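Visitor: On the provided structure of chain B, position chain F as indicated by the hints.
Protein sequence lines correspond, in order, to chains B and F.
In terms of our numbering, the first sequence opens at residue 3 and continues consecutively.
In terms of our numbering, the second sequence opens at residue 287 and continues consecutively.
In case anyone wonders, no lab produced these hints; they're calculated from the structure.
Errors might be hidden in some of the hints.
Cut-off 25 angstroms, straight-line C-alpha distance, at most; resulting in silico cross-link-like pairs (DSS-like, lysine-lysine) [said to hold, decoys possible]: (1) F/Lys372 <-> F/Lys722; (2) B/Lys332 <-> F/Lys539; (3) F/Lys650 <-> F/Lys675; (4) F/Lys675 <-> F/Lys745; (5) F/Lys539 <-> F/Lys663; (6) B/Lys332 <-> F/Lys471; (7) B/Lys42 <-> F/Lys765; (8) F/Lys663 <-> F/Lys675; (9) F/Lys663 <-> F/Lys511.
None of these values were measured; they are calculated from a predicted model.
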Amino acid sequence: MAFIPHTADDIDRMLERIGAQSIDDLFDEIPAALRAGALKLPPAMGEMELGRLLTERAQGDGRPVNFIGAGAYEHHIPAPVWAITTRGEFYSAYTPYQAEASQGTLQLIYEYQSMMCALTGMEVSNASLYDGASALAEACLMAVRANRGSNSRRILLPRSLNPTYRQVAHAIAGNQGLVFESVDFDRAAGRTALQALLPYSGQDVTALVIQQPNFFGCLEEVDELTDWAHQNKILVIAVVNPISLAVLKAPGQWGARTEAGHGADIVCGEGQPLGVPLASGGPYFGFMTTRMQYVRQMPGRIVGRTVDTEGRPGFSLTLQAREQHIRRSKATSNICTNQGLLVTAATIYMSLLGAAGLQRVAAASLQRTADLVARLSAVAGVKAAFTAARFHEAVLLLDRPVPPVLNALAQRGILGGLDLTDRYPELGHALLVCATETKLDVDIDSYAAALADVMQVARAAA
Amino acid sequence: MTELQAREPLIFELGKPGRQAVTQFPPHAPGTAEIPAHLRRAVPPALPEVSELQAVRHFTRLSQMNFSIDTHFYPLGSCTMKYNPKACNSFAMLPEFLALHPLGPEPQGFMACMYELQEMLQEITGMQGVSLTPMAGAQGEFAGVAMIRAYHQARNDMGRTEIIVPQAAHGTNPATAAMCGCSVKEIPCDANGDVDIAALRAAVGPATAGIMLTNPSTLGVFEHKIAEVARIVHEAGGLLYYDGANLNAILGKVRPGDMGFDVIHMNLHKTFSTPHGGGGPGSGAVGVGARLLPYLPIPIVGRDGARYRWLTERDLPQSIGRLSGFMGNAGVNLRAYIYMRLLGREGMVRVAEFAALNANYLMKRLQAAGFEAAYPKRRASHEFIVTLKSENRLYGVTAMDVAKRLLDYGFHAPTTYFPLLVPECLLIEPTETEAKEDLDRFCEAMIAIRREMQHEPEKLAAAPHTMPVRRLNDVRAAKQLDLAWKPAA
Numbered sequence: 003m004a005f006i007p008h009t010a011d012d013i014d015r016m017l018e019r020i021g022a023q024s025i026d027d028l029f030d031e032i033p034a035a036l037r038a039g040a041l042k043l044p045p046a047m048g049e050m051e052l053g054r055l056l057t058e059r060a061q062g063d064g065r066p067v068n069f070i071g072a073g074a075y076e077h078h079i080p081a082p083v084w085a086i087t088t089r090g091e092f093y094s095a096y097t098p099y100q101a102e103a104s105q106g107t108l109q110l111i112y113e114y115q116s117m118m119c120a121l122t123g124m125e126v127s128n129a130s131l132y133d134g135a136s137a138l139a140e141a142c143l144m145a146v147r148a149n150r151g152s153n154s155r156r157i158l159l160p161r162s163l164n165p166t167y168r169q170v171a172h173a174i175a176g177n178q179g180l181v182f183e184s185v186d187f188d189r190a191a192g193r194t195a196l197q198a199l200l201p202y203s204g205q206d207v208t209a210l211v212i213q214q215p216n217f218f219g220c221l222e223e224v225d226e227l228t229d230w231a232h233q234n235k236i237l238v239i240a241v242v243n244p245i246s247l248a249v250l251k252a253p254g255q256w257g258a259r260t261e262a263g264h265g266a267d268i269v270c271g272e273g274q275p276l277g278v279p280l281a282s283g284g285p286y287f288g289f290m291t292t293r294m295q296y297v298r299q300m301p302g303r304i305v306g307r308t309v310d311t312e313g314r315p316g317f318s319l320t321l322q323a324r325e326q327h328i329r330r331s332k333a334t335s336n337i338c339t340n341q342g343l344l345v346t347a348a349t350i351y352m353s354l355l356g357a358a359g360l361q362r363v364a365a366a367s368l369q370r371t372a373d374l375v376a377r378l379s380a381v382a383g384v385k386a387a388f389t390a391a392r393f394h395e396a397v398l399l400l401d402r403p404v405p406p407v408l409n410a411l412a413q414r415g416i417l418g419g420l421d422l423t424d425r426y427p428e429l430g431h432a433l434l435v436c437a438t439e440t441k442l443d444v445d446i447d448s449y450a451a452a453l454a455d456v457m458q459v460a461r462a463a464a
Numbered sequence: 287m288t289e290l291q292a293r294e295p296l297i298f299e300l301g302k303p304g305r306q307a308v309t310q311f312p313p314h315a316p317g318t319a320e321i322p323a324h325l326r327r328a329v330p331p332a333l334p335e336v337s338e339l340q341a342v343r344h345f346t347r348l349s350q351m352n353f354s355i356d357t358h359f360y361p362l363g364s365c366t367m368k369y370n371p372k373a374c375n376s377f378a379m380l381p382e383f384l385a386l387h388p389l390g391p392e393p394q395g396f397m398a399c400m401y402e403l404q405e406m407l408q409e410i411t412g413m414q415g416v417s418l419t420p421m422a423g424a425q426g427e428f429a430g431v432a433m434i435r436a437y438h439q440a441r442n443d444m445g446r447t448e449i450i451v452p453q454a455a456h457g458t459n460p461a462t463a464a465m466c467g468c469s470v471k472e473i474p475c476d477a478n479g480d481v482d483i484a485a486l487r488a489a490v491g492p493a494t495a496g497i498m499l500t501n502p503s504t505l506g507v508f509e510h511k512i513a514e515v516a517r518i519v520h521e522a523g524g525l526l527y528y529d530g531a532n533l534n535a536i537l538g539k540v541r542p543g544d545m546g547f548d549v550i551h552m553n554l555h556k557t558f559s560t561p562h563g564g565g566g567p568g569s570g571a572v573g574v575g576a577r578l579l580p581y582l583p584i585p586i587v588g589r590d591g592a593r594y595r596w597l598t599e600r601d602l603p604q605s606i607g608r609l610s611g612f613m614g615n616a617g618v619n620l621r622a623y624i625y626m627r628l629l630g631r632e633g634m635v636r637v638a639e640f641a642a643l644n645a646n647y648l649m650k651r652l653q654a655a656g657f658e659a660a661y662p663k664r665r666a667s668h669e670f671i672v673t674l675k676s677e678n679r680l681y682g683v684t685a686m687d688v689a690k691r692l693l694d695y696g697f698h699a700p701t702t703y704f705p706l707l708v709p710e711c712l713l714i715e716p717t718e719t720e721a722k723e724d725l726d727r728f729c730e731a732m733i734a735i736r737r738e739m740q741h742e743p744e745k746l747a748a749a750p751h752t753m754p755v756r757r758l759n760d761v762r763a764a765k766q767l768d769l770a771w772k773p774a775a
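For reference, chain B alone in the conformation it holds in the complex (with noise of 0.2 angstroms):
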């Protein structure tokens, strides 16, 4: 019997002290109309004949060359991440309710917070939150709450912005009356123009979100997004890539440094580039940081450092009023179980690298990026979309419809890129592709070389 390790005379044992004649009779509070029938599911698999099902169907998926980016990103991932992250003591732990018997983990996340912390520019952040996207949704929350001069619940998304982060935050916080209203993008820079905002001048707006770099791959003007956001008393929350930052400016310091502080009040998104594998979409973690002014408003998890009954320092979850088990319908979120396990990964991988790697591995995935545009721009009918700077990604514009390009493309082993087509109708024939760090320039020759090839296949055909 998988995994149940009661023997005959166990079984026997253990009845005969309960009083029941069979493990039955333990079910007969169920009444009888209600009892289910013999379920229709498939025989039990031994490990190894279920290892050889899952292999044949891992690899009959294949492993292409993937320049696909788009919110989740492909990085070199150092062996010790997940050897240790998959060690039993951090996979098969519950929850640190239990802090005496809890501080490995605790220590990891406070850990984590600091990392956080240093990479965003802020003060305090929580222990995470499910991913990018539905931390987006809490953030937009968080600033209803933590914008007192604010009654409108309006809340201004760039178009630039990830268009299922904008889908993600309607469905969750849509439902407590929070009103998104899109602001549209400079179509020559690929990015946030401010004359777009200037209509919200002097209106009563809860915050604005800036997505650094954008969806694009494009940099916004970050500073005098945020110096209008706070002269118009609108609470700023950055969208932010954590490997970006040891290039870009950290949030903390976006904008004029005013009597308020500066920079952005609350800052979230995607953990997955620190360490964590594509796998399909999840899990993945999300972040948040906020300044310490906010952390009362912050949903999930917090530690912090405190002191034992001796004085020795310690870790345990702290401002605990705020989440659902203490405060049910008037706690800051309802999440309970978030993406620890993760963080983790993501911990290590960020002691590793330190910030001498990040930026080594930031700059590398620029470069990489920069080279793919150039070479890729420079096949018949392929051009660039945007002039703004960028990071690791960028839109480039096709002269045929994309996606029998893809799929061409796919046919010979590459991940060509995202086609825009859908969700930017309006830039035309537009895809997505992003170059990090783990492509050579082997890849990155083959995709060149196999676009003009499908290109030139395609015009011959038409």
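Guide: Relative to chain B, chain F alone:
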């Protein structure tokens, strides 16, 4: 008695300026001149500067400061801390699975697993459709209540904004109702732990959107009158939500769909044994009856002939939408799939049987040792409650003291002070994967602690004695907030 690592410096205190694990760096170090100066970072972030070995030792030592299922018996009520089979992790981490970009071509092998998982969960719960996208129990609850709201709104029944929950409900239930823009009405339980039917009748009405229930309830007993509860709520125009936290107790014995529930979330990290990971990730798959099918969160795996494809907004225009950036915690779902295939139909039924056997055995043994069960006339489900109210009166010890003392004996503490309505309670869930010997050892520890209560209660009040730290000053933690290490100025 236990041998946890005693102490470990912060990783920030281990490094030295200039120390690097260069093997992990990309080979080239290009400049970043393309970034305009005003958008560039001026000062590098204060991250650790350690060697690979220093990092490996540090995090290995931290792991050794934890209790875990792999090292300790973990009878944590309501959390289902059973063995997480190693095969689930090994197969889910096959390199081809890990390399799949979520926006790449639809991966037929992976999607076959997800499709079959949807089908198996549907069969086990007696539902008509399943979506795997919610990323934890609380998000599954959110999806469920959002679907209930969408259902009423689609019928133009706009006044239904009240969610009824029993007092003993998990905190996530009322918090979820609030997140969905609903108000919460709490109703009491009767002396046997069942929903108070008179109170329920009084609570329902034209404002009722639905009721959220766990069955077996958080009191560890099966809700006898579930059919009557379902009738009352449905007749009032509301829907029934099943919180799957305790699904382990009834696997293959009774199905929520057959009990009359319209929607259920399942904690795959409980019943289907994906790891808790020190706080997550979980997965909160939802199942629905026919009425709520159009509202399921997307994406879902569908099948056209032999080909699997993602069902999206186009297929389900009335969906409550997307709750995650991609398709939820895919790797957690894959682990649950592997677990279910290892157990198969025979193993699935035995989960509930042996979870119930272990819980009822442990309850009887503890009762024989003088402990008071909160609901002595009831069968235990997969868990049960011991109340220490007389011990508290006689010896001044608390449930917290006993919980902390158990750590010294090498057992993770049961859940304490939940549900709130039983005084000084321990909620104990042994799970089906523990052997009789381990249950017996736990009983012996409880008997020894009982002796200590009588003869040296101060030993309990000061427990734990053998952990890396003693009890922590939580008041100080919340007042003198120290939430992040900062480099010396």
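Visitor: Each hint should be assessed against the structure and marked as holding or not.
Guide: Consistency of the hints with the structure:
1. For a cut-off of 25 angstroms, the pair hint linking F/Lys372 to F/Lys722 stands: about 22 angstroms separates their Cα positions.
2. Distance hint between B/Lys332 and F/Lys539 is unfulfilled; the C-alpha atoms sit about 36 angstroms from each other, more than 25 angstroms.
3. About 18 angstroms separates the Cα atoms of F/Lys650 and F/Lys675, which keeps this hinted pair within 25 angstroms; it holds.
4. Taking the CA atoms of F/Lys675 and F/Lys745, the gap is about 19 angstroms. The hint holds against a cut of 25 angstroms.
5. A C-alpha spacing of about 21 angstroms is found between F/Lys539 and F/Lys663, which places the hinted pair at or below 25 angstroms, so the restraint holds.
6. The hinted pair formed by B/Lys332 and F/Lys471 meets the criterion: a straight-line CA distance of about 13 angstroms does not exceed 25 angstroms.
7. Of the pairs offered as hints, the one joining B/Lys42 and F/Lys765 is violated, with about 55 angstroms between alpha carbons and a cut-off of 25 angstroms exceeded.
8. Pair hint F/Lys663 plus F/Lys675 holds up; C-alpha atoms about 18 angstroms apart against a cutoff of 25 angstroms.
9. Of the pairs offered as hints, the one joining F/Lys663 and F/Lys511 holds, with about 16 angstroms between alpha carbons and a cut-off of 25 angstroms not exceeded.
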